[in-house]
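Trainee: Sequence:
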Amino acid sequence: CGLSSKCVQSSRGMMAGCYPLEALLQSTFQCFYNQTCINSHNIFQALNISSSTSSQFFINSSIESILNKLMVEDYSINISYENYFSQCEPLLCSYSYSGHLDILAMTSNIIGIYGGLVIIARFIVVFFFKLYLNKNQKVSPQESET
Numbered sequence: 001c002g003l004s005s006k007c008v009q010s011s012r013g014m015m016a017g018c019y020p021l022e023a024l025l026q027s028t029f030q031c032f033y034n035q036t037c038i039n040s041h042n043i044f045q046a047l048n049i050s051s052s053t054s055s056q057f058f059i060n061s062s063i064e065s066i067l068n069k070l071m072v073e074d075y076s077i078n079i080s081y082e083n084y085f086s087q088c089e090p091l092l093c094s095y096s097y098s099g100h101l102d103i104l105a106m107t108s109n110i111i112g113i114y115g116g117l118v119i120i121a122r123f124i125v126v127f128f129f130k131l132y133l134n135k136n137q138k139v140s141p142q143e144s145e146t
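FYI, the numbering for the sequence shown is 1 to 146, going by this note's numbering.
The hints are simulated quantities; they were obtained by calculation from the structure and are not laboratory data.
C-beta atoms are modelled at their ideal positions from N, C-alpha and C, and glycine is treated no differently.
One should not assume that every hint holds.
Said to hold, decoys possible - Okay, derived cross-link-like pairs now, SDA-like style, lysine to any residue, Cα gap no bigger than 25 Å in a straight line: (1) Lys-135 / Ile-124; (2) Lys-69 / Lys-135; (3) Lys-130 / Ile-120; (4) Lys-69 / Tyr-33; (5) Lys-69 / Leu-25; (6) Lys-135 / Phe-123; (7) Lys-69 / Asn-83; (8) Lys-69 / Ile-59; (9) Lys-69 / Tyr-81; (10) Lys-69 / Ile-79; (11) Lys-69 / Leu-21; (12) Lys-69 / Ala-16; (13) Lys-69 / Ser-55; (14) Lys-69 / Gln-30; (15) Lys-135 / Val-125; (16) Lys-130 / Val-118; (17) Lys-69 / Gln-56; (18) Lys-69 / Pro-20; (19) Lys-69 / Glu-22; (20) Lys-135 / Ile-120; (21) Lys-135 / Ala-121; (22) Lys-130 / Gly-115; (23) Lys-130 / Leu-117; (24) Lys-130 / Gly-116; (25) Lys-69 / Ser-54; (26) Lys-135 / Arg-122; (27) Lys-130 / Ile-119; (28) Lys-69 / Phe-29.
As the list claims (entries may be wrong) - Taking CB as the label site, the calculated pair distances span: (29) Gly-112 / Gln-56: 54 to 60 Å; (30) Leu-131 / Leu-92: 53 to 59 Å; (31) Tyr-97 / Phe-129: 50 to 56 Å.
Work out the full structure: start from the sequences and follow the hints.
Mentor: What follows is the structure, given as structure tokens:
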């Protein structure tokens, strides 16, 4: 028994073994619904559920198989925003995002803005400098000799 984590001993659907979780996952609900079985294990009170309650899970289904199905009996998706708004009648719908910048992000943003402004300023200065040079250069007409 000490060599395998799957080593379990059965007692009317209730497993016992080296690891409690592994034993529970291999157990079934048969013992949980039987007070005599519960008393023999001296654990807790039996579950009192009517056998007429319909379920996709059988009493001898392992707990692992039920957990694999996330213990969901019936899952249906019915999304209707119209029904929600007609039943709840909210007065206002709004979306807000509240966030704050840390010092590193703020410093990075300032450096980025500064770098962008420097590049734009260079283009503007070069443009106006060339414009200034073009205006101040006078083209003198050359006289032709004949």
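Trainee: All hints, please: hold or fail.
Mentor: A quick look at each hint next to the structure:
no. : hint                         : result
1   : Lys-135 / Ile-124            : holds (17 Å)
2   : Lys-69 / Lys-135             : violated (82 Å)
3   : Lys-130 / Ile-120            : holds (16 Å)
4   : Lys-69 / Tyr-33              : holds (21 Å)
5   : Lys-69 / Leu-25              : holds (13 Å)
6   : Lys-135 / Phe-123            : holds (18 Å)
7   : Lys-69 / Asn-83              : violated (29 Å)
8   : Lys-69 / Ile-59              : holds (15 Å)
9   : Lys-69 / Tyr-81              : violated (28 Å)
10  : Lys-69 / Ile-79              : holds (22 Å)
11  : Lys-69 / Leu-21              : holds (17 Å)
12  : Lys-69 / Ala-16              : holds (23 Å)
13  : Lys-69 / Ser-55              : holds (13 Å)
14  : Lys-69 / Gln-30              : holds (19 Å)
15  : Lys-135 / Val-125            : holds (15 Å)
16  : Lys-130 / Val-118            : holds (18 Å)
17  : Lys-69 / Gln-56              : holds (10 Å)
18  : Lys-69 / Pro-20              : holds (21 Å)
19  : Lys-69 / Glu-22              : holds (17 Å)
20  : Lys-135 / Ile-120            : holds (23 Å)
21  : Lys-135 / Ala-121            : holds (21 Å)
22  : Lys-130 / Gly-115            : holds (23 Å)
23  : Lys-130 / Leu-117            : holds (20 Å)
24  : Lys-130 / Gly-116            : holds (22 Å)
25  : Lys-69 / Ser-54              : holds (16 Å)
26  : Lys-135 / Arg-122            : holds (20 Å)
27  : Lys-130 / Ile-119            : holds (17 Å)
28  : Lys-69 / Phe-29              : holds (16 Å)
29  : Gly-112 / Gln-56: 54 to 60 Å : holds (58 Å)
30  : Leu-131 / Leu-92: 53 to 59 Å : holds (55 Å)
31  : Tyr-97 / Phe-129: 50 to 56 Å : violated (45 Å)
Consistency with the previously given hints fails for numbers 2, 7, 9 and 31, ordered from lowest to highest.
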